[in-house]
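Engineer: Letter 46 of the sequence shown, counting from 1, is numbered 46 in this note's numbering, and no numbers are missing.
Calculated directly from the structure, the hints in this document are not laboratory data.
Keep in mind that the hints are not guaranteed to be accurate.
[Claimed, not checked] Simulated crosslink set (DMTMM-like; lysine to aspartate or glutamate; CA at most 25 angstroms straight-line): (1) Lys37 x Asp94; (2) Lys37 x Asp129; (3) Lys37 x Asp114; (4) Lys37 x Glu148; (5) Lys37 x Glu89.
Quick caveat, the model's predicted, so the values are computed rather than measured.
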Amino acid sequence: MSGATATDDAPAGDPIQVAFVCVQNAGRSQMAYAFAKGAREARNVGDRVEFLTGGTDPADHVHPEVVEVMAELDFDLAVRTPRAVTPEEIETCDIVITMGCSAEDVCPATWRGDARDWALVDPHGEDLDGVRTIRDEIADRVDGLLDELEVGARV
């Protein structure tokens, strides 16, 4: 959805729907989802934007190195379970963001939303400093996305 915004002055209506999608839903997309949910609360935007996350071939658990570096910032991803994302869920989204993991067939052919790929390095198997770098890039991109959508004041 080009030019989607959710400003404080916008009339009440359907929220902007954003999906963070990866193959395993065990690293990058989980971090993006956690940052987006946290930023939504910090920016006090209520239900003007909604997020979902999922994978095309979900893993059994979030990668331990991802859990560890997110815990450094008080996000508990150990309680998260990777899940499958469905074409029906994607159909409801305005923006679908893939993480650079070849999730090419995520968006149904009839979907006309805004598809983006962030082309991020897979944190699985990376050392903790490498995962921190990926984590910080994701945090910056999520903030940039919310700024672009004009969702609340940046904290």
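Engineer: Now tell me, hint by hint, if it's right for this structure.
Structural biologist: Results of checking the hints against the structure:
1. Lys37 x Asp94: Distance of about 17 angstroms is within 25 angstroms: holds.
2. Lys37 x Asp129: Given that 25 angstroms is the threshold and the Cα spacing comes to 24 angstroms, the pair holds.
3. Lys37 x Asp114: 20 angstroms, holds
4. Lys37 x Glu148: 16 angstroms, holds
5. Lys37 x Glu89: With a Cα-Cα distance of about 18 angstroms, the restraint between lysine 37 and glutamate 89 holds, given a limit of 25 angstroms.
When each numbered hint is compared with the structure, no violation occurs for any of them.
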